[in-house]
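There are 2 protein chains.
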Amino acid sequence: MALLVQKFGGTSVGSIERIEAVAERVIKARQQGHQIVVVVSAMAGETNRLLGLAKQVDEVPTRRELDVLLSTGEQVTIALLAMALNKRGFNATSLTADQVTIRTDNAFNNASIIQVETENLTTLLDQGNIVVVAGFQGRDSENNITTLGRGGSDTTAVAIAGALDADECQIFTDVDGVYTTDPRLVPEARRLDVVHFDDMTSMARNGAKVLQLQSVEYAQQHRVPLRVLSSFEEGEGTLVSFDSSAVSDIVGIAIKNQQTLLETDMPLSDLQAQLNLFGITGWCSVVNAGSTQFVTANDDLARLKLVLDKKMHQVAAVSTLSVVGDDMSGKADVICAELAEAGVLVRQNKRSSRCLTLLINEEDHQLAVNIVHKRFVVEPESLDNRPLLAVS
Amino acid sequence: MALLVQKFGGTSVGSIERIEAVAERVIKARQQGHQIVVVVSAMAGETNRLLGLAKQVDEVPTRRELDVLLSTGEQVTIALLAMALNKRGFNATSLTADQVTIRTDNAFNNASIIQVETENLTTLLDQGNIVVVAGFQGRDSENNITTLGRGGSDTTAVAIAGALDADECQIFTDVDGVYTTDPRLVPEARRLDVVHFDDMTSMARNGAKVLQLQSVEYAQQHRVPLRVLSSFEEGEGTLVSFDSSAVSDIVGIAIKNQQTLLETDMPLSDLQAQLNLFGITGWCSVVNAGSTQFVTANDDLARLKLVLDKKMHQVAAVSTLSVVGDDMSGKADVICAELAEAGVLVRQNKRSSRCLTLLINEEDHQLAVNIVHKRFVVEPESLDNRPLLAVS
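Chains X and E are the protein sequences, given in the same order.
Counting from 312, one number per residue, gives the positions in the first sequence under this note's numbering.
Counting from 312, one number per residue, gives the positions in the second sequence under this note's numbering.
Bound conformation, chain X alone:
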């Protein structure tokens, strides 16, 4: 008998039919003798519906009250899922964040979990209940309702798994595991059976969307094994593990789109000071005397314009490809040359011990990721043997 925390996101509980399918899925694990805590998100679309109501009242709604509003989304789901489980003859009890209790800081709309109390969870589990917990929400030290920000249900699941010392935290999603790269772009992409936590963190930080960076880091910190599974299909998914045997030569290629390359005549040190002040992260480099280029997420562009006003101009819409795996140093030149041969301009590259990041024009990202995936993942041996192309 294992203690499992299973998390189902908004798409997985997006309709009554889907909630019933989740109930069946949970029951299957229960019937194998496991103790189960289920963490759920709001039904797909519900958070946006609530946000829409708030925006009608105030374009910039009170942050405290926005959390009071948004937290109802998950409360609806826990009630419906517990009903569906009870109807099928399995004792289930729903708990809101305050009933658990999940204690957070008081950063409304973007709170961090400080502590998960285990007493009520343990009592209910020991009584044979499936416990259904509202994700994404908590209470601060003054008992105000908080939310963890979008994607926070993963963090809730990981935090509960950590507090309960669960055997596994299973993240059910709309893909059946972690892939070597985005399978919508690269048909040859394949599912990984296992991936090491360090590499998963690197993939998530560089754009892999299957797991939120924050929850991967939280899980690593609290030593909670993670498993990514499909809500829609059977399968073993991908285990994110602490085991050193999980470290593989090449893990995969993370893609981050919707970024912009900017240029400014501001000195690098001044630019970085400004960016730090406004909490904007960017990839900076001096391109020549008196000119600095940097890359930033499109989401930060409006704020950047406030900071830099007319002192910057946009160079290009760009993407980054990040190859995660061993011994990148010797391979960068080879792949850059091959991309150039295919007409893909690699504007810059950055290397660290287990990550090589290439900056390319966004329009090239699909072509580029297919080339890089083929060389690094499908035929890695070809890369080792291939002579360096002569580039002038």
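These are calculated hints, taken from the structure and not from any lab test.
Bear in mind the structure is a predicted one, so any value in this text is a computation, not a measurement.
Do not take every clue at face value.
Identical chains blur together in the list; that is why a pair holds if it fits in one copy or across any two.
As the list claims (entries may be wrong) - DSS-like cross-link-like pairs, simulated, lysine-lysine; straight-line CA separation at most 30 Å:
hint, residue 1, residue 2
1, K661, K520
2, K520, K616
3, K398, K339
4, K366, K398
5, K366, K339
6, K616, K398
7, K339, K520
8, K616, K685
9, K621, K339
10, K398, K685
11, K616, K661
Start from chain X and add chain E according to the hints.
Only chain E this time, still in chain X's reference frame:
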């Protein structure tokens, strides 16, 4: 400076525009220097929408989980109203039942309030906040979410007013006060400026819908003055008072439709024992040897059929008119005679010190209430002077 508890029902907060109108209304009272606690219901239609979701999962949903689901309705409203107040520059803070705390028994779907804690309310009021509280909900002693059943927001408002020793509990609704009878049926019906608690209880018990019986009784028990006001129009509304000067000769006529007159050959004592067993209230009387008639709400008919099976038959669809006021004993015969003259059969009548109830066929209720209202309310002096008609 007074301390006011203002309650707005589902229609009053039925859209963003209506919530904004409620905010303006609340601000007006705040600007007069009063401390305000606002209690709100779910937006009109929301409770039914949530019930619809639950019924899709289970025709008879788990009672505990139904309350988890339904209580989200009021939570949405408190957040939106607090946002609307904050946007207008008035500090407002929303509180759910657990944040107040409102303690109830554990009768899910139909809980009763045991205690309202005042500490958080008082602190927020003293800080100058308008406090916006979710009606209709509470927490039992084990911190489970409960609901008070439909119309429970009135009870929440009254209970908070009682606990805070408020100067007045103001119930805002879609009519501008308590009327002498239903103005949709009787154009001559007029609004009462003041009505005594005993008479209001009698009106509510006999079918007046403007206030829930339970909340009137609760207010009387906790010595909370009530005022019924329109959410949509200005005005003083109707004050429900403990003052003996509020006792008037004739208060009004309550109407209760959707009842059925049944007949059974079961002895009266057996019938009453059966009805008590199933918690069904009925108006019983022996009509002749071996036959008992009784009146019951149509809502209880299905359950009655389980109790009495083939031992009863339906006589007629009936209504009751209840005249609340002084000295009914001498007037019953006169009005029954006049109704007979107009072709309205009065099947039975019941008199108590300040209430005369007439049992009539439902199809006659509009004609009858107009006649009774004219004689008792519009021209009461005509009743005193009119000679008794000769009826054989």
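Here is what the structure says about each hint:
{"no.": "1", "hint": "K661 - K520", "result": "within (21 Å within a copy, 73 Å between copies)"}
{"no.": "2", "hint": "K520 - K616", "result": "within (27 Å within a copy, 59 Å between copies)"}
{"no.": "3", "hint": "K398 - K339", "result": "within (15 Å within a copy, 49 Å between copies)"}
{"no.": "4", "hint": "K366 - K398", "result": "between (37 Å within a copy, 11 Å between copies)"}
{"no.": "5", "hint": "K366 - K339", "result": "between (41 Å within a copy, 24 Å between copies)"}
{"no.": "6", "hint": "K616 - K398", "result": "between (55 Å within a copy, 27 Å between copies)"}
{"no.": "7", "hint": "K339 - K520", "result": "within (27 Å within a copy, 50 Å between copies)"}
{"no.": "8", "hint": "K616 - K685", "result": "neither (39 Å within a copy, 75 Å between copies)"}
{"no.": "9", "hint": "K621 - K339", "result": "neither (60 Å within a copy, 47 Å between copies)"}
{"no.": "10", "hint": "K398 - K685", "result": "neither (49 Å within a copy, 55 Å between copies)"}
{"no.": "11", "hint": "K616 - K661", "result": "within (26 Å within a copy, 80 Å between copies)"}
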